[in-house]
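Asker: The lines below spell out each chain.
Protein chains: 2
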Amino acid sequence: MTGLVLTLDTMNPNIKRVEYAVRGPIVQRAMQLEKELQEGVKKPFTEVIKANIGDCHAMGQQPITFFRQVLALCSYPELLNDNKFPEDAKDRARRILQACGGGSIGAYSASQGIELVRQDVSRYIVRRDGGVPSNPDNIYLSTGASDAIATMLKLLVSGEGPTRTGVMISIPQYPLYSAALADLGAIQINYYLDESNNWSLAVGELRRALEAARKHCNPRALCVINPGNPTGQVQSRQCIEDVIRFAAEENLFLMADEVYQDNVYAEGCQFHSFKKVLFEMGPKYSEKVELASFHSTSKCYMGECGFRGGYMEVINLDPAVKAQLTKLVSVRLCPPVPGQALLDLVVNPPQPDEPSYSTFMNERTAVLAALAEKARMTEEILNKVPGIRCNPVQGAMYSFPQIQIPHKAIEEAKEKGQAPDMFYCMTLLDEMGICVVPGSGFGQRDGTYHFRMTILPPTDKLKIFLAKVKEFHQRFTERYS
Amino acid sequence: MTGLVLTLDTMNPNIKRVEYAVRGPIVQRAMQLEKELQEGVKKPFTEVIKANIGDCHAMGQQPITFFRQVLALCSYPELLNDNKFPEDAKDRARRILQACGGGSIGAYSASQGIELVRQDVSRYIVRRDGGVPSNPDNIYLSTGASDAIATMLKLLVSGEGPTRTGVMISIPQYPLYSAALADLGAIQINYYLDESNNWSLAVGELRRALEAARKHCNPRALCVINPGNPTGQVQSRQCIEDVIRFAAEENLFLMADEVYQDNVYAEGCQFHSFKKVLFEMGPKYSEKVELASFHSTSKCYMGECGFRGGYMEVINLDPAVKAQLTKLVSVRLCPPVPGQALLDLVVNPPQPDEPSYSTFMNERTAVLAALAEKARMTEEILNKVPGIRCNPVQGAMYSFPQIQIPHKAIEEAKEKGQAPDMFYCMTLLDEMGICVVPGSGFGQRDGTYHFRMTILPPTDKLKIFLAKVKEFHQRFTERYS
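If you read the protein sequences in the order shown, they are chains A and B.
Per full-length UniProt numbering, the very first residue in the first sequence carries number 1; after that it's consecutive.
Per full-length UniProt numbering, the very first residue in the second sequence carries number 1; after that it's consecutive.
Hints are computed from structural coordinates only; laboratory data are not their basis.
Backbone N, C-alpha and C define an ideal beta-carbon position, used for all residues, glycine too.
Some hints could be false.
Stated by the list, open to error - Chain B regions said to be covered by chain A (calculated; three or more residues, Cβ under 8 angstroms):
| id | region |
| --- | --- |
| 1 | 175-187 |
| 2 | 247-255 |
| 3 | 304-312 |
| 4 | 319-330 |
| 5 | 354-362 |
| 6 | 467-479 |
All chains, please: the whole structure from these sequences, using the hints.
Answerer: Following this line, the structure appears as structure tokens:
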């Protein structure tokens, strides 16, 4: 075709720079392999096991019954007359519907989100943070956490050349951040997590990265993911304090991605919200540091990715900027209302005196216990493979093991124009039907190679998965030695 | 507060320029008045009637039973064992669930949308357009139509200074367009609809606007809304042909916002999709002109705004750009899956041989008949008011009447620093409890004043509404004469 208006040469150059490995070429190849298997093409495996994305239900995790009952009642309120539903589910549904325009989840909500849901989110935060106050006016519901993160970054970006906004992100990172920054034409400032110390975050490294960046841009924000994605670490309270102090000293806007706040498995680890620590550090910090923290319905024990529910809480945001934020989100009208309803249930689950409580707690506990077991198993099995080294999966849903790639394999990858870890992962996929994401999609120190895998496959399948990784790594290492 | 990182002075300057009148200051004032009424504050009215936004369910429109039954079944598949649900609803739910990861609407879908839904959308388009082919690979599901429109605009924007991308939009326009262009820092090129000719679109005016714009930017896209928002006109087939020919001659990417495609009321008017007309014009056009057309679950007879469902179809998009588009949408993972499920029902409703057909048709027909009656009534009553002139509401859900504002009122508005139509609408709200949006939020010819109102209030309430507008306009005119 010739004479097209929109071509690679004429399109938005920022978008060309966007990358999102979690759904990149490796996943397209996996889908192609699945299609070929369905069509009867012979492969060295009978199924593709996908551990590329934190998609819980796709890996067989069952939804929480209570949540889905209430969502069904909200969708088709005729069911409120059905005595098969427990009374607490009906009460929740009535309460949510009353907060919707015309009593329907088909109406737009306020752009910031349904007021009732924002109130419930605030109460949840107060409980979670041991009484630290939370104001519903500071809560913005969102279309998954990604939406809110991208929106906050968009507000922050200004300037040109040496005054262009720089944003500090961890390496390895979740590629939403690099993608959003590329889209906005903002400057990505990498700070490296310490792999030799359980992927912890050291303030010295933050300072190094910041000082280097100040020579060519205007660093204005610091993003932290805790529990970590793709690295699975859980930050200590001390570390969070250090980060907050650093942000205060260096005048940085803090963004805390806390979507895995219920996913903490390792003994001695505990989730501390940035908000809570900030307030416990006293008014010198709690009245000064600007913080946006993010949560989602997609992870934790519910794993309801498809509903695209989420929220952010903003602290110390300039009221004039808040008005701008409210205006900006109004252009997209509102987050999906079924996702808002679901979020309301997540922050306001069945209580001990309610009929659905015991089922809810059993389901919740079972999911989190299975994840904890799979986290442990993943670390244990991978660390038995010579040439693979893996930190404990303290939290979240991922392991990010380091892999030794033989020199000859690196050479072959280079000849093919591929990153060495992409070559490794593609070969793993083609030979074993195992789908993981190369570390280069998340960032890693030069000369090191990793992959990210989720711990979501069912226990039996995860065992097969890990055995296949082991077999492959040995074979791959031999082949290229 | 001092020393904040993010202030009006340091925030993204593009975002400051974003405006979205449909949820602007007038709506905030309306909400405040509602709160005061609830608290017992005495007002010259007992309720606020809102006609500011096309939010059907909020105005009392009932959801389509079949759609909500299937959504309840998808949310809580246990209900598939319930014999209270019709078999066709169960079949649809099973079919949708089978197309979801792990059989759950809580799983992420493919970023482009569930393949089955995209296939159903394609079949719908083929039926709608009398056999013109449609390829599911060209369908992108979205979070409402707004999301897809903003995404396409984002792809199109490049260049700086005189090469910066310009996008032609109708005036009056739906403010999503001006907001998205401001956000992207693109150049908005206004072409005016002809109010004296039922808000029709004339190619001469397109040419004038284009030639003027070429002196300072690079015009690359032409956006058309049909049926029109806020103007309610339905374009003739001839007009669409003219626009396509113009786009082909002038090398413009066409964007057709067709979210009101079922909302056509006026006799002699018919919806023609840009896609269909393009293909009927033969390969000279159908193989050349780049077109993206948009649809939504939020309008038409279903009005399911809260689910944020929608799709776009792209025609003649450069395959390399398509790959970039697919990559870009993958960063946000996927559109909300309940919205995708709903969209599937909209494009694949009950068939004549299915048990839900007659109820479905009765509900659909009743909604559209009521809208047609309200469209007629709005035009008739407003045109009886001296100083208000209103084109027929041929389609969509809005009237955009022109109002004569006395000179003294214009002076008073200027003293207050308000646009004259904002002053008019604020006074209308404060004195009568009637909430409409000033024409300046949509754009209008200098020296003319309008407001946009929806025709969505229930018939009885709409009568009261129109009587109040009449009473107010007479009183306002007398006061300032």
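Asker: Now tell me, hint by hint, if it's right for this structure.
Answerer: Hints, one by one, checked against the model:
no.: 1; hint: 175-187; verdict: holds (count 5)
no.: 2; hint: 247-255; verdict: holds (count 3)
no.: 3; hint: 304-312; verdict: holds (count 5)
no.: 4; hint: 319-330; verdict: holds (count 6)
no.: 5; hint: 354-362; verdict: violated (count 0)
no.: 6; hint: 467-479; verdict: violated (count 0)
Checked against the numbered hints listed earlier, the structure breaks hints 5, 6; every other hint is satisfied.
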